[in-house]
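Sequences are here, hints too, so could you generate the full structure?
Protein chains in written order, with my numbering: chain Z, 20 to 206; chain X, 20 to 206; chain C, 542 to 722; chain U, 4 to 239.
Simulated from the structure, these hints should not be mistaken for lab results.
Beta carbons: idealized from backbone N, C-alpha and C, even for Gly.
Some hints could be false.
For the chain Z half of the interface with chain U, some residues (derived, Cβ under 10 Å), not all of them [as the list claims (entries may be wrong)]:
hint, residue
1, F30
2, P31
3, P32
4, R36
5, Q37
6, I41
7, Q45
8, S49
9, Q56
10, N88
11, E91
12, Q96
13, N100
14, T154
15, Y156
16, R187
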Amino acid sequence: MPMPLPPIYSFPPLYTRQPNSIIRRQQISSWMDLILQYAKSHNAWCMSAEGSIVTEGSESVQESIFVNNEIERSVPQVFINEIWSTMCQEGKAIGTDKGKKESPTYYILWRTVDSWASLILQWFESAGKLQQVVTIYELSQGDESIGWEFHGMPEPLTADCLKPLCHRHRATIVNDEYGKPVAVKVV
Amino acid sequence: MPMPLPPIYSFPPLYTRQPNSIIRRQQISSWMDLILQYAKSHNAWCMSAEGSIVTEGSESVQESIFVNNEIERSVPQVFINEIWSTMCQEGKAIGTDKGKKESPTYYILWRTVDSWASLILQWFESAGKLQQVVTIYELSQGDESIGWEFHGMPEPLTADCLKPLCHRHRATIVNDEYGKPVAVKVV
Amino acid sequence: KEGGHKPSLILDREKFYNKSLFLDEIAREIYEFAISEFKAEKERLGYVMVTLVDLYAMYNKCMRIGTGLISPQEMREACERFEELGLKDLKLTKINGRVLCLASKNSFDFVKTKILDIVNESAGCDPLLLTQLLNRDSSNAWTFAIITEVLQNCIDHGDIVIDEQISGIHYYRNSYWPVAV
Amino acid sequence: MKRFGLAAFDDQQDDKEYEGISSAVLQRQNNELKEQLAVFQERLVGFAKKHNSEIQANPEFRSKFVRMCLSIGIDPLSLFDKDKHLFNVNDFYYEICVKVIEICRKTKDMNGGVLSFDELEKGYFRRLNVDMGDLEKSIDMLQSLDGGFEIFEIRGKKFLRSVPNELTGDQTKILEICSILGYSSISLLHANLNWKPFRSRAVLNEMVANGLLWIDEQADAEALYWDPSWINVLHE
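Here it is in structure tokens:
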């Protein structure tokens, strides 16, 4: 069940870009926390630049985190962009390849890439999958990872989260003929 | 040609009322110097509370000395009022009767009243006008004072500048039926 | 664990015959804690300076959880004993007549000079940038408290003047309005 | 990794530490396990309270027990009652002292270093069974550290200021207005104090510059200037 958002979500000035730079830094950091918590509690991997959850396949227009009807406030798009750009800089979101240039979508990292990498490594170890080639689909969508927090993670994001293991020489990624990562072998 | 304002005019802290009272006194004195210099070099006798030059008759909206667009700074009205009140206290400005209560105008005294009085006395002497009744209009606006620094001085201010001569019993002011000074006799 | 503080002995109030002995022991512990806690800062910046309030929170949280916290009053009395216990590298000093700090020798002038240098170089910097520049690697909550107090001191003494915009307060060296001493 | 020391003073570090421990101990941090952790925490707190005197009698165990509780995310304040503390009774207040200091430091960017006692109580201490009296007693104790923490009152409500910014008379009046609805505005100041717009604007902007107020530009008629201490109060 999604957790209710913290009290600051009902604070009207949160929706106005604060002119004081110290407050603004705090304000952006509050927004990042809200987005991470929102995504995590909705089990959402991906959000649109407008602030709604993007689910694989469905192009449904959903409520946006940046619109608070209860207090009749919404964050202006310019400020939303500033929030996304800070999130990407701090490694808490990654722009996806999908979405139009004018309206990008983002993967939300409520854990850091490194932390996902460690968790995936644990799965390889406890599932006895070391030394085997496992498809990325199997890893993230297969039955064997059900119950693990990364289960359901979009494949491109999964590939990103494998990178730290490659750097540590624990993993080798297998690409298809177009250079798209399709499988991985962890040692 | 108006002289350019000195470098301090581009110093951003000039536009913020300084919290340290010793510094603030000097800051206000910097503002007074700037205003006097500005008025003198623009040949302006009168300024509005907002800091723009007021010319007889014309009610034009002009640039204000308190707004510096180049560095995007301006003095808050509260502090401007403090500057004017110090200027009046120190005899460097005199509130005029004109202007609304909320937005007074000030005569700017880049010379002291005493100094103007002496200069006016010199004119009386060198123009051979002693022992004659001279209208204040003639004194300040007439052809005979052209070239003298007080030429063009507004009449009410001229009357104010004659007061020291009255005190020294060198001048007698003639008022009209409403008590408004209209002429003077210097002995 | 490497680098972690662990109380070497449990300083239990009840075990001491009198308050004075307890305070002596606590004083030594606080002193050691502060020296080792700020070792890196001392090496990097050349001084140690922390408000007693911040040190109180740090010391209790790191050293006394599980062994009984000390009171603010005890903290202060313990620090007042440093000199007489021969603990000379850090001593209590008051900034701006209001904030008590534990500091190494000449640290106040040291920080002040550094802050004035930074304001000189980056005219118009705000506290955020100042904290970053002064403490390049880490900006801890405790440094901020010192920086705001030192800035206040600079303003009170006319070394620094402010440019207050809605975006925040920006600091400049006072280059136009000399303070007659 | 520094586990205690400065790291322990930093909120984010705290979270990381907590995350590190839980991922090591619990491997998979899914909701079910989180619930189990919550239950475990609750039981430990219950255990501490029930076996208070036994734990108290054994300093070695006591120390380890408290540290263990801390490491799995139990606030030491929730372990004991005021009058049934593991150490001397006053430890309860000292823990509040430490927490107040941390809260002041953590929230200074949010509120310019000014916190209302109400906000402290509602936002941070109520769930720990600390009442306003306990809070006031602790903050009084803090005064002996001369930390520049000052208490002031607005309309009978207490505030704690932890930065050197002394409030001016005009700023205090604005906080008074804010204490009614949470915000202030040029027209509210005109209606209540008969201030001219230029005066109100100057003081309001000054307070934004000092981080004391946040602007809300989406209200109907004019900009509203909010006191951030209402973030927690609004939720009541």
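* In ascending order, which of the hints set out earlier in this document are inconsistent with the structure? -> 9, 10, 12, 13, 14, 15 and 16
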